[in-house]
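Starting from two chains that each stand alone, build the complex the way the hints lay out.
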Amino acid sequence: MKIKKGFVLRTVCGENVIVGEGLDAINFGRMLSLNETAAWLWNKAKESGDFTAESLSQALCTEYEVTPDQALADVRETIDNWSKLGVIE
Amino acid sequence: MNKVYYIVAEHLFCVEAQENLLELLSNYEPFRSEKQDNPLFFLTVTQGKPVSFIEELRQDEEGQDIICGHTEQGDAVFEFRWDGCTAGWLVCSADYRQGTLYLSGFQVKAAIDNALMIQFAMASATLDTVLFHAAAVSLDGKGYMFLGKSGTGKSTHARLWLNNISGTELMNDDNPAVRIKADGTAVVYGTPWSGKTPCYRNVSAPVGGIVLLSQAPHNLITRLNGIGAYAAVVPSISGKRWDSLIADGLHETENALASNIPVWHLDCLPDADAAHLCKDTIAV
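Chains as they are written, first to last, in our numbering: chain A, 1 to 89; chain B, 1 to 284.
Each statement offered as a hint is correct.
Partial pick of chain B residues on the chain A-facing surface, computed with a CB cut under 8 Å:
{"id": "1", "residue": "E56"}
{"id": "2", "residue": "L57"}
{"id": "3", "residue": "G226"}
{"id": "4", "residue": "I227"}
{"id": "5", "residue": "Y230"}
{"id": "6", "residue": "A231"}
{"id": "7", "residue": "R241"}
{"id": "8", "residue": "W242"}
{"id": "9", "residue": "A247"}
{"id": "10", "residue": "H251"}
{"id": "11", "residue": "N255"}
{"id": "12", "residue": "A258"}
{"id": "13", "residue": "S259"}
Within a straight-line C-alpha distance of at most 30 Å, the following computed BS3-like cross-link-like pairs (lysine-lysine) qualify:
{"id": "14", "chain 1": "B", "residue 1": "K181", "chain 2": "B", "residue 2": "K279"}
{"id": "15", "chain 1": "A", "residue 1": "K84", "chain 2": "B", "residue 2": "K149"}
{"id": "16", "chain 1": "B", "residue 1": "K142", "chain 2": "B", "residue 2": "K181"}
{"id": "17", "chain 1": "B", "residue 1": "K3", "chain 2": "B", "residue 2": "K181"}
{"id": "18", "chain 1": "A", "residue 1": "K4", "chain 2": "A", "residue 2": "K44"}
{"id": "19", "chain 1": "A", "residue 1": "K5", "chain 2": "A", "residue 2": "K84"}
{"id": "20", "chain 1": "A", "residue 1": "K5", "chain 2": "B", "residue 2": "K149"}
{"id": "21", "chain 1": "B", "residue 1": "K149", "chain 2": "A", "residue 2": "K4"}
{"id": "22", "chain 1": "B", "residue 1": "K149", "chain 2": "B", "residue 2": "K109"}
If you are wondering where the hints come from, they were derived from the structure by calculation, not from laboratory data.
Ideal Cβ positions, reconstructed from N, Cα and C, are used throughout, including at glycine.
In isolation and in its complexed conformation, chain B is listed as follows (with noise of 0.2 Å):
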């Protein structure tokens, strides 16, 4: 087993494996850390059995399930199926800062990204950063967020910016990371994660807008305020908010966002028109 370490949104965390299943996290690669101190979390990977646990809830998106539960022991235990196929199971302490992934030897790279995702939203959940489902580009120093459930085009609003407006860079196309500092900026961060696009840069900048998308047959730009900008922001952060201790930290993030950073809603048709329009009206 070798031990490799990862700087994502400045936190460091440690990834134990095979060389041969280390070879595969390339989309890792920008995110080396030659510092091994103190990482927030550890994950091993290993071949395994299956886990018996106790199960909590399942969540289906786009033909993966992910089953949360716990292990009598109180772990925490994550089951990843993809076409009803399980991948592997992850095993974490209650605080999420120690986990195994369990392969079963099917999707074996997308059990690990997987596993990661997870534990790094919740082990940093209570330290002010979500992680989440997102399109975030870059313009003249600042970070831009596109949201809007799978489907309604994300990643086609954030390449009409790239296609239209100079000066844009993809930052992340899928999930990106946030995270207040402590002088209370909010900071957008690229990672390993990008869904269907390899888009994984080790690059932030100060979150200057959030977009939540929803197609029309025309483009609108409405700016969301207090609640309804917390309710637009929301459904785009994944965790397990059962967990009351995620809750609360979660909640505290979004609250911030909420509160200090602009977040408008966009009726948009795929067009160049909603590019300008929606840069035009946030990027001033």
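Chain A extracted, bound-state conformation (with noise of 0.2 Å):
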């Protein structure tokens, strides 16, 4: 999976917003309010361009104190709401 080109993760007084700025997402129209660690994921998968559940949760793991089932758990959650949401496909 991928980010969906056009959309930036932004600080707004200080919360972390998903916004869709480039030209196919422009009009995405709502901004989808993310919490630390789905900010952290975000930027992850940004950085990563191509991206699993799996290799996130291995990646949390590494930076989190989380069990390896429940860093899964926890991404996929996050992936299913972003990918209903469409800002990744």
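And the structure:
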């Protein structure tokens, strides 16, 4: 999977928000608020280009104190949400 | 060709055109500048033939189309159309500092205004400046801006302040500029662009509040904070957000406004009570 072109993570009044700014995202018409872990995952996903739930959860385990199972469950939930909102493909 | 210089929101720019075209620009007179060194951008206005370009996006508003794109060489292009007829093509360097407007001969004045608004908004976006779609009034030394979709009643609400709150003045009815100064203060400025109302005043005031208007069967005002304030402000600022430098610049200014300026949402009727409620809440 990868993040769709045109979606950008912004810091708005101290909070993490995904906004659609690129040509392919300009009609997104909403803002998606992310908690700290989700924002960290977004940056990781952006860095990797292509990612899977497994690759992100492995990365998450090296950064945060979390069991592999818990990490994978959290990442899946986050990715599902992004997928439903159409910010990844 | 003659050159004239103008200062809007403390940004200097230069327009070069034949005298008969410059004579059309009476709305810019209050902004004339003697100073000529180091303008932010230049616009040359000339007659021209269609420019061929690769289309990126069409923006349609109130019978007017702006088609954005770029040439094969990488210059930015904006084509202006009214009711399907092209008035001109603005061709700009990628940093928007050098522009040429090729006029078709139809809607000449409107094409020049559009070209200057676009070049101003783009060239100043990275310099803590945004061009709003809003009405702005001043009261007791502060500026207040009313936002909302077309047809919501921005101008109407501004007029209700003028008619019911003594000391209120109209700063601009459609396109005020806002600039974040070096000390962090947000200042709203009148501009040569004011929609259908001829209000071309070279005035400025620190921003006291920003109000997003919605039509409603009652009057109710609520404070917006954080992301809510940001989401209220962003749709009222024009810009080519798919250019990441522009998007970064606009975001900086929008975030500063959402963080530091009181932003409100006003459900309102077009009546005097709406103006009083708004004023009594935000102008304290």
